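A.B. asks: In case you want the letters, here they are:
Protein chains: 2
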Amino acid sequence: MADEVILLDFWASMFGIRVRIALAEKGVKYEYKEQDLFNKSPLLLRMNPVHKKIPVLIHNGKSVCESSIIVQYIDEVWKDKAPLLPYDPYQRAQARFWVDFIDKKMYDTSRKTWATKGEEQEAAKKEFIEVLKTLEGELGDKPFFGGDNFGYVDLCLIPYYCWFYSYETFGKFSVEAECPKFIAWVKRCLQRETVAKALPDEKKVFEFVSVLREKIRVE
Amino acid sequence: MADEVILLDFWASMFGIRVRIALAEKGVKYEYKEQDLFNKSPLLLRMNPVHKKIPVLIHNGKSVCESSIIVQYIDEVWKDKAPLLPYDPYQRAQARFWVDFIDKKMYDTSRKTWATKGEEQEAAKKEFIEVLKTLEGELGDKPFFGGDNFGYVDLCLIPYYCWFYSYETFGKFSVEAECPKFIAWVKRCLQRETVAKALPDEKKVFEFVSVLREKIRVE
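Protein sequences appear in the order of chains V and H.
Residue numbers for the first sequence follow my numbering, beginning at 1 and rising by one.
Residue numbers for the second sequence follow my numbering, beginning at 220 and rising by one.
Don't take each hint at face value.
In the BS3-like style, the derived pairs of lysine-lysine whose C-alpha atoms are separated by at most 30 angstroms in a straight line are [to be verified]:
| # | chain 1 | residue 1 | chain 2 | residue 2 |
| --- | --- | --- | --- | --- |
| 1 | V | K105 | H | K434 |
| 2 | H | K352 | V | K52 |
| 3 | V | K105 | H | K323 |
| 4 | V | K104 | H | K298 |
| 5 | H | K391 | H | K434 |
| 6 | H | K298 | V | K53 |
| 7 | H | K331 | V | K117 |
| 8 | V | K112 | V | K79 |
| 9 | H | K298 | V | K181 |
| 10 | V | K52 | H | K400 |
| 11 | H | K336 | H | K352 |
| 12 | H | K361 | V | K52 |
| 13 | V | K62 | H | K324 |
| 14 | V | K105 | H | K281 |
| 15 | V | K117 | H | K323 |
| 16 | V | K62 | H | K400 |
Covered stretches of chain V (chain H as the covering partner; in silico rule of three or more C-beta atoms under 8 angstroms from a C-beta of chain H) [said to hold, decoys possible]:
| # | stretch |
| --- | --- |
| 17 | 21–32 |
| 18 | 184–192 |
Partial selection, computed: residues in chain H whose CB lies under 8 angstroms from chain V [as the list claims (entries may be wrong)]:
| # | residue |
| --- | --- |
| 19 | I277 |
| 20 | K281 |
| 21 | V283 |
| 22 | I288 |
| 23 | D299 |
| 24 | R311 |
| 25 | A312 |
| 26 | D319 |
Rather than coming from a laboratory, the hints here were simulated on the basis of the structure.
Values in this document were obtained by computation on a predicted structure and should not be read as measured data.
C-beta: ideal position from N, C-alpha, C; glycine also.
Use the sequences and the hints to build the structure in full.
C.D. replies: See below:
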């Protein structure tokens, strides 16, 4: 029986992009079902009743939720091609640690660079740069977080990049000026076809963020 | 070479207890180093420079941080005895999903049952019971979260139980009255020697929580 793989997703989601890159790395064919986040579908509510969030991977009728867990699932099911997590338990733990760090720090901090103003926004910009500098420190002189090859940490972090133009424009700062090594890493990732194809256009994300800002009345 | 295993921990930490149960399940001998959380040791700061938090497992000089990641590491390194995560990728993803749910919901909600008062405390009690009811729903009629055997989700959830007496006393409510199936699951877990030995006395935790409440001036 051929695998039936369905992805419930939203085009601009950094979490959804992780799953799209992972599926592309593994060469898995799937049906993409764009979701309306302001009017959630019965399918999404049924497949992720606890969090009611995208992305959801539906594999032969069974759902897997939470992007970092989905990526690990994909790596374990389609294990013969393009390994994403390292084999060594210590290296795996390190990779999980950094993805956990990204999940705990990047989203909330980066969101505040465009969704707040005044002192709160200034603090968020500072904290966001600190998060990136911590990640730069971990990257060190390696081409990718796991070493020579693109892997789990890179895959979970790079989707944020298509939002950087929005963070920088609304926050009035430059990531490259503060974290040039981080941007060098971004450029290495973008050379990878699976990444370049999965990341939406930053100007399109900017338009979306502009609409979000109006909805939450930032101005 | 024999493994050198050191655990930086704090006796009442539900996160540290996870690691102690996992090491006991695997029969791993280790050196326990109690940490002063109000005066962090140079060793802790060096071994977990990012979060500066216990627990930290130091295995042959290399540190692993974040309790759920440490437990997965232990399961992968000492893989021949007492498997904690299921073998099947889908079941593994489900186990990770529920541990992630516990990590996202249990700590903050349970803390507010004793660290806040008035309306905030009432809301926290309600939310805490909702979290437990969601977990009861997932447990269903199974003896343990993964099925017939004690596993990863049980191990990550049961350490909270030694704090329940404090939640209930300061919050003035009864978990058993609201969630009898949850408490039946607790009793099954407590029959396990690794669990019973790892959980500190609830009255001792209560004394500790009383001191914390004074520190943060809840009254």
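A.B. asks: For each hint, tell me whether it holds in the structure or not.
C.D. replies: Here is how each hint holds up against the structure:
1. V:K105 <-> H:K434: Holds, at roughly 27 angstroms.
2. H:K352 <-> V:K52: holds (17 angstroms)
3. V:K105 <-> H:K323: holds (14 angstroms)
4. V:K104 <-> H:K298: holds (29 angstroms)
5. H:K391 <-> H:K434: With Cα atoms ~21 angstroms apart, K391 of chain H and K434 of chain H stay inside 30 angstroms; holds.
6. H:K298 <-> V:K53: violated (34 angstroms)
7. H:K331 <-> V:K117: holds (29 angstroms)
8. V:K112 <-> V:K79: Violated - the C-alpha atoms of K79 of chain V and K112 of chain V are around 37 angstroms apart, more than 30 angstroms.
9. H:K298 <-> V:K181: violated (38 angstroms)
10. V:K52 <-> H:K400: holds (25 angstroms)
11. H:K336 <-> H:K352: holds (23 angstroms)
12. H:K361 <-> V:K52: With Cα atoms ~25 angstroms apart, K361 of chain H and K52 of chain V stay inside 30 angstroms; holds.
13. V:K62 <-> H:K324: holds (24 angstroms)
14. V:K105 <-> H:K281: Holds, at about 24 angstroms.
15. V:K117 <-> H:K323: Satisfied, since the Cα-Cα distance of roughly 27 angstroms is no more than 30 angstroms.
16. V:K62 <-> H:K400: holds (26 angstroms)
17. 21–32: Per the Cβ count (0), the hint is violated.
18. 184–192: With 0 residues closer than 8 angstroms to chain H, the stretch 184–192 of chain V misses the three-residue bar; violated.
19. I277: With a minimum Cβ separation of about 12 angstroms from chain V (threshold 8 angstroms), the hint on I277 of chain H is violated.
20. K281: K281 of chain H check passes; min Cβ-Cβ to chain V is 6 angstroms, inside 8 angstroms.
21. V283: holds (5 angstroms)
22. I288: It holds, given that the least Cβ distance between I288 of chain H and chain V is near 5 angstroms, below 8 angstroms.
23. D299: At about 13 angstroms, which exceeds the 8 angstroms cut-off, the nearest Cβ of chain V leaves the hint on D299 of chain H violated.
24. R311: holds (7 angstroms)
25. A312: holds (4 angstroms)
26. D319: holds (6 angstroms)
Taken one by one, the earlier hints fail for this structure at numbers 6, 8, 9, 17, 18, 19, 23, listed in ascending order.
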